[in-house]
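Those protein sequence lines, which keep their order, are chains A and B. Reading the first sequence from the start, the letters are residues 1 to 212 in our numbering. Reading the second sequence from the start, the letters are residues 1001 to 1120 in our numbering.
FYI, nobody ran anything at the bench for these hints, they're computed from the structure. Values in this document were obtained by computation on a predicted structure and should not be read as measured data. In this text, a Cβ means the ideal position worked out from N, Cα and C, and glycines have one as well. Just to be clear, a hint being listed does not mean it is correct.
[What the hints assert, rightly or not] Listed next, with one range per pair, are the computed distances between beta-carbon atoms:
1. A:Met-8 / B:Ala-1064: 24 to 30 Å
2. A:Gly-62 / B:Gln-1034: 32 to 38 Å
3. A:Lys-151 / B:Asp-1017: 31 to 37 Å
4. A:Thr-179 / B:Leu-1041: 25 to 31 Å
[As the list claims (entries may be wrong)] Not everything, but these chain B residues come out facing chain A in the computed CB check (under 7 Å):
5. Asn-1002
6. Phe-1007
7. His-1010
8. Ala-1011
9. Glu-1053
10. Arg-1070
11. Ile-1074
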Amino acid sequence: MKASLLEMELHTAVREKKDIALSKLDKMYGHQIVQILKYKYQTAAKRDETLLFVAVNEALLGYYNNPDTFNPEKYKLFSFLLVAADRDLQNILLKEQKHLNRKDLPEDVELQENFWNTIIKPHGSTDDTIQLEETMTTIQNVIERLFPNEKDIILAYMVLAHERETEPYSEVLEIEALTMSEQRAEVKKHKDRIKKVLERNDVENRIKSFIL
Amino acid sequence: MNTQLNFLKHATKRMEDNHEFMAYTLKKYCEFEQISETELLKILDCSINSYYELALCKAPDISASDFMDRLAIISEYVAIEMSKLIMVIKHVHTVLKFATQPENILLAARDKEEGKNGKK
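Build out the structure end to end from the sequences listed, making use of the hints.
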């Protein structure tokens, strides 16, 4: 999917190293990518949210310093950055896992069984990492094809992670100023809409088929 | 603090040692003036969001001919008065200049003394 007009403008600003380029990049994509990673890597996020910040920062700065690694004719900037941040987070978790293994701690000490953790459970070899990356990209493509809007993509990841609390959805939808009952009603409306699309396209089973 | 603010804060902390960015300038200003980030927020009269967005902007070179134009873009983007940004940048620039070139202090002192003598 090609980069949008807004993304092209930002890409040009980054290439020209405009004063506000990094700030815009962080503002537009930073938290959105963090939110998606939060649902893909729930255990790690619960343990230490800064791991996610580090990974997303790495990805955004990596792109900022070398913008020509991104091809706007081929990809959306958001997707490119999400894949990069995902890869950076996997590397961080793999390093951490190796460190834990060296200390003779149980291999799965931090990994609980849930939908996303069954996907990202690292095994340590380069082949596994490449395969994992390919799987994640495939999943991402499926979701992005169904939801062109970035907020919807985050909501889809949240629904797939079976998030039940209203608050995280409200944050994504930016409706925290509404009363609690209004927020609940609004969140329900959006969740139902997202669920319908996911069910109609049998997304959960398709994702499972990539993994198993 | 929500995810966006937390992320911007983290990104800002990461850029605080990079003199090309406003994060460095803002940190230095707080150090030189011995004030907290919250106090600087009051001086700049901006939200915490704007503060972090400013921190992630590149600091325009004060001696460059396009300094004012670049600052105007930043000022509009973060919604902080230009005069306040100029005050912070100039202050940090001046202190750093004297800190890195001690001979400037002597020159400044001599100029001041000559000025006094001239008046007499």
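- Message: Could you work out which of the previously given hints the structure breaks and list their numbers from low to high?
- Response: When the structure is compared with the hints, none of them turns out to be violated.
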